[in-house]
Amino acid sequence: MIDFEHVTKVYETKNDENVALEDINLHIEDGEFVFVLGHSGAGKSTFLKLMLLEEKCTEGTVTINGQDITHLKRRKVPYMRRQMGMVFQDFRLIPTMTAYENVAFAMRVTNIPTKQIQKRVPYVLGLVGLGDKMDRVPEELSGGEQQRVALARALAHSPKLIIADEPTGNIDPEMSFEMMELLSAINSVGVTVVVVTHAHELVHRFNKRVVTIDHGRIVSDTAEPYRETGYATAGAE
Amino acid sequence: MHFSSFTYLVRQGLHSLRANKMMTFASMGVLTVCMVLIGVAFLLGVNIDAMVAYMGEQNETVVYLASDLSEEQIAAADAAIRAMPEVVSVTYVSPAEVLQFYSDKLVDSVNLMKAFENDNPFEANYRVVLRDVSQMAAVSEKLRQVEGVTKVLAPLELSNTFVSIQRVVNIACYGLVAVLAIVSMVVVSNTIRITVFARRKEIGIMKLVGATNGFIRFPFFVEGVTSGLIAAAVASGAVCGGYYLVTLWYTENPTTISRLFGGSLVPLQSVWYYVVLGFVALGFVLCGIGTATSIRKHLDV
Chain X
1 MIDFEHVTKV
11 YETKNDENVA
21 LEDINLHIED
31 GEFVFVLGHS
41 GAGKSTFLKL
51 MLLEEKCTEG
61 TVTINGQDIT
71 HLKRRKVPYM
81 RRQMGMVFQD
91 FRLIPTMTAY
101 ENVAFAMRVT
111 NIPTKQIQKR
121 VPYVLGLVGL
131 GDKMDRVPEE
141 LSGGEQQRVA
151 LARALAHSPK
161 LIIADEPTGN
171 IDPEMSFEMM
181 ELLSAINSVG
191 VTVVVVTHAH
201 ELVHRFNKRV
211 VTIDHGRIVS
221 DTAEPYRETG
231 YATAGAE
Chain C
1 MHFSSFTYLV
11 RQGLHSLRAN
21 KMMTFASMGV
31 LTVCMVLIGV
41 AFLLGVNIDA
51 MVAYMGEQNE
61 TVVYLASDLS
71 EEQIAAADAA
81 IRAMPEVVSV
91 TYVSPAEVLQ
101 FYSDKLVDSV
111 NLMKAFENDN
121 PFEANYRVVL
131 RDVSQMAAVS
141 EKLRQVEGVT
151 KVLAPLELSN
161 TFVSIQRVVN
171 IACYGLVAVL
181 AIVSMVVVSN
191 TIRITVFARR
201 KEIGIMKLVG
211 ATNGFIRFPF
221 FVEGVTSGLI
231 AAAVASGAVC
241 GGYYLVTLWY
251 TENPTTISRL
261 FGGSLVPLQS
271 VWYYVVLGFV
281 ALGFVLCGIG
291 TATSIRKHLD
301 V
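Chains X and C supply the protein sequences, listed in that same order.
Just so you know, we're using the numbering used here here: the first sequence kicks off at 1 and counts up by one.
Just so you know, we're using the numbering used here here: the second sequence kicks off at 1 and counts up by one.
In isolation and in its complexed conformation, chain C is listed as follows:
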């Protein structure tokens, strides 16, 4: 294609955007709203994911060792537990530490405390934190196999709840994103269809003088993709700006519940590029597909 042809086609596409101001404005508006909703769904998903992950990190599996182990056996068990790749941290708690922990709570029962001090009934144990709660069942089975381990107490029910919440949130968010993506595509497709219809006479003449389909399509692509990119820019600004304000507000107004989940939202710095790139890609792809599907009919002359 000659350069002069290329610039001509781009100019044609941009001209059409201006010529159909109302239509362009309406479709860009709907597109922007869809993108903002997609962005909100995405950020909601990311944050709930992060919260669930944070809660998951608080998981603690308690591993008890037999009380009659020799020093070497304890060291071997210790090493075996620490060597597991799924384990993030391991804390050894001696019987004396357990007693210390409970002694604060048993201040009223002095007699009991005294009895315990002479004959400590508590067992030494390990507090094991896992990287991924969804692996809890498998890992606790592995822990059980370690030489010298008598008992493994894993909060399996809790971990299952976390995992299923995470799954539901993911499915809901992706589902929403998919639905909105389809809606935006239909909107773009419709707008382009109207433009194509308005210019069907010109298209007919173009066909008859021997313009290729690519040449006829190009200005419509320019039109569709430009409105997609403008919508992406507006939506990026709105979503990122809005999200920034929400994160500020969230950290400044802590509540009991928000503290439970770590006290802060995922910072804008670590998500903005997903949002912007996602919108640009979305604008490009949706508008591309929308345009392609709407012109095909009129190309058969």
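Bound-form chain X, shown alone:
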């Protein structure tokens, strides 16, 4: 599903070079659930941006779904992005639109016919448990609910890959847990899920693979399901 091969990303400024990622090798299988853990500044954001095609790596190759995205033509980028769903810490919902409209908007701007949108939007909003709050604007929803709208939006295209950037960063702990459960449920039907986060506690509670990034390198990878001891060893490095 996702392959990083000797990926290095260097940000160049006028008289300075900043190595954000160095020689990253990572393989994520179809249908896996992976936490990417790291402090702020560890290189998580860069890792994410490479997958979202917002940045290109300096060296190495990134492959998603069998497609080498490092050498993807600009005009093909939108079609690549439609194959993945994204969830962000700040939800990125349009405040003037209702939950329904927010999801429908994402489908409309990717050229999906109205009929299909009318069928699909209530369905995905039902999946995340917001079937009865479709006509509320973000302001009238709690943080957790807003994030679920964002998740519904990400699911609207039936992507094979969901990438979540600090999905629980702006919501309270109980809601965070629910959010993770939801992602886990989505994963259980075969969708690959990558959650980028710095929240150790949350990672603790799920028995999933954890890839830890620090100073631009992968310092541990529990390819085996996560164990608390495993994390402790990784953190000690």
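None of these hints come from the bench; they were simulated from the model.
Any given hint could be a false lead.
Calculated lysine to aspartate or glutamate pairs in the DMTMM-like style (CA-CA distance at most 25 Å, straight line) [said to hold, decoys possible]:
1) X:K49 to X:E5
2) C:K201 to X:E140
3) X:K49 to X:D30
4) C:K105 to C:E71
5) X:K76 to C:E202
6) C:K201 to X:E139
7) X:K133 to C:E202
8) C:K201 to X:D90
9) C:K201 to X:E145
10) C:K297 to X:E12
11) X:K208 to X:D221
12) C:K201 to X:E101
13) X:K208 to X:E178
14) X:K49 to X:E32
15) X:K119 to C:E202
16) X:K115 to C:E60
17) X:K56 to X:E181
18) X:K73 to X:E145
19) X:K14 to X:E55
20) X:K56 to C:E202
21) C:K201 to X:E54
22) C:K297 to X:E54
23) C:K297 to X:D90
24) X:K73 to C:E202
25) C:K21 to X:E101
26) X:K49 to X:D16
27) X:K49 to C:E202
28) C:K201 to X:E166
29) C:K201 to X:E55
30) X:K160 to X:E181
31) C:K201 to X:D221
32) C:K151 to C:E60
33) C:K297 to X:E55
Note that the coordinates shown come from a computational prediction; the quantities given were computed from them, not determined experimentally.
With chain X held as given, fit chain C onto it using these hints.
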């Protein structure tokens, strides 16, 4: 693109026009004013051009033939002059006609007239009118080559003046049109830039969910081009209406100078389609370019 997507995008563009009422109004206003000025410059140019052309048509080159030519030689010269493609009209003036012309002016000098009547000193000549004054020098050279022609009097200085006036007027008008076109483009570009800025969050989301650049741009094009076309419609009405009134006034209030230039302006019927089509094309192209240049920056997400 699906039809439902297309209508959605058009609706989005029109909605944005309404949502930014003040901005739209301001930019359309400036655009309309620019177009009106462009129209005025154009019509001014057309009329000055027509006046100069009218003056040019009054040109007259006088060609003298030798006085000892036989009938056949005169006929041959006559035919040669008439055969020239640059020539619009040729009038033969016999010595007797010249004398007749001057006899009106010489009524006081009866003696002189009497002497002339017995021995006419005037030569036969041709009054030649050229189609295009700018060719005068070349054509008079050609006329000189005709067998039997002794002298060619061409108002070269006058023709040069006409030609240079025409050139200056053309350059000034086109220059003005170009400057105003650029101004309008900047105005549209700026308005769209503000709209784009106001919607940068939406654009960011569109990019992330995989909307193509074309899809993101489309509503802005609808917005830009619609305001361009509305401005074109208003400007067309203003310019054509105003021009119609000016032509009426001009013919009803003749002056010495206006009579010299033919007495009437170019009628609206023969220029209105240039004005309207020009404005529509201008609105379309300027707004298109203005929109394209203003969105590019925000598409790099």
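### Query
Where does the structure disagree with the numbered hints, that is, which hint numbers, in rising order?
4, 16, 17, 18, 31
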